[in-house]
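S.K.: Construct the entire structure; sequences and hints are all you get.
Chains as they are written, first to last, in my numbering: chain A, 1 to 294; chain B, 1001 to 1187.
If you are wondering where the hints come from, they were derived from the structure by calculation, not from laboratory data.
Keep in mind that the hints are not guaranteed to be accurate.
[Claimed, not checked] In silico PhoX-like pairs for lysine-lysine, Cα to Cα no more than 20 Å straight-line:
#1 B:Lys1010 to B:Lys1044
#2 A:Lys259 to B:Lys1034
#3 B:Lys1173 to B:Lys1152
#4 B:Lys1034 to A:Lys253
#5 A:Lys212 to B:Lys1034
#6 B:Lys1152 to B:Lys1175
#7 A:Lys191 to B:Lys1042
Here the structure is a predicted model, which means the values were calculated and not measured.
Spelled out from the first residue to the last, the chains are:
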Amino acid sequence: MTAFSNFLLKQKAGVLQKIRQFFDDQAVLEVQTPSLLDVPVTDVYIDSISMQVNEAIEAKTQFLHTSPELEMKKLLSQGSGDIYQICQVYRDNEQGSQNFNEFTMLEYYRLDFDSHQLMDEVATLIKTLGVKGETHKLSYAQAFEQFAHIDILNSSFDALKVIAKSHQLSVDFDWIEDLQIFLFTALCEPKLEQFPICFIYDYPAEQSALSKVEKGVSRRFELYLSGVEVANGYDELQDASAYEKIFNRENDKRRCLNKSFLAADTSFLQQLKRPLPQCSGVAIGIDRLISQIA
Amino acid sequence: MAYYSTSQFKNGLKLILDGNPCSIINNEIRKPGKGQASNRVKLKDLITGKTLEKTFKSGESVEGADVMELDMQYLYNDGNEWNFMDPNNFDQFVINDNNMDDVRGYLVEQDMCVVTLWNDNPISVTPPNHVTLEVVDTDPGLKGDSAGTGGKPATMNTGVVVQVPLFIGIGEKVKVDTRTNEYAGRS
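M.R.: Set out below in structure tokens:
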């Protein structure tokens, strides 16, 4: 083994150890949830890896988890209290210098936290792990205003297409949220490279995913370290009906794009007859995080 | 004309952007946690030489540029036009003086250069990495300062001014690195 790969092994082991210490100190419980699932994720732009199992008995298709989110939320609805998990997750159709088919994720949930309390804790956690620099916070609207002079929350789909065209960017989008995300990547993300630690919060309602929408914005945040996205957090939806609405919407989009694996996780919705407690949760990409620790 | 999808992007691929031929120098895939992938691409505009950055939606198609790079011999210039020849078939190509700003100081008659053609028209010339030029003007060297550290400016027979060691005099031939405009030794 080379000195460098030995260093990387030790570095990752050290980070995982510090994470476990951090949560132990806060009395957050470490859990493990199944990574082989009957139902794939519905997120339209996240592809599950499928496999045939039990071919010698009764063959069925299983899916590797793309995130432990729904399985952990089942535990939360059963009254687990604060929980965290460190696991490998798997995604199909990923490539690039920052994107892989398998990576290490830290996912954790804090009862009674709102998104800002969770951002504060994530900032403390990553500093404990060795990330250096001042912490910046910008709302999604502020970022667009400051970096691109766009009033993102009050611009219609057509208005955004005109703006994209003026920047000679593609306007071939079916949904406004996809164009918002594309404009953020093209016009805002490069400007985030100047900030060692930057939280972007309060996303447009169209991008709510599984987060609560209040006062016209979804209570979500993402964390960028020197322009690299490393975390995605929500003030979580609580009721089964709210989840079902989002799953159906994602499935409608999948149908429009002729994508496979249409299914809503009924076992999850069934479980949520007991709603989730008020909580906020975040997923952190550990490999990307480590790459940002000098 | 051929179109290229983002999945075919790779370094060196030539595309048309804003009407100009460009060459990809870096292609990075960005995939937000929630949302479609996009390609952040760095390109060099082959006409202006400027570097641009542009984000493409994944799956977007862009028109390819018919760009070729050929080894050619520099023949002569008449003040307005610079003449090159493809030694394989003796085809001659003419480049307007306006497009020669960055390289005219490094072209020596008979030297082989790389000429970039777009739709069969020459758009730029890359001289060899090292060329031999003759000093036509420079201050006399200071006596006794043979290990001189600072150097002095010297005008070459092609017009370019290069910093040379103090011991180099008028009429001497020197090697010049055309990428950095630096003295690279006596010839």
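S.K.: If a hint holds in the structure, say so; if it doesn't, say that too.
M.R.: How the hints compare with the structure:
1. B:Lys1010 to B:Lys1044: holds, 13 Å
2. A:Lys259 to B:Lys1034: Holds. Lys259 (chain A) to Lys1034 (chain B) sits at ~16 Å (cutoff 20 Å).
3. B:Lys1173 to B:Lys1152: Distance ~15 Å between Lys1173 (chain B) and Lys1152 (chain B) Cα, so the pair holds.
4. B:Lys1034 to A:Lys253: holds, 13 Å
5. A:Lys212 to B:Lys1034: holds, 16 Å
6. B:Lys1152 to B:Lys1175: holds, 15 Å
7. A:Lys191 to B:Lys1042: holds, 16 Å
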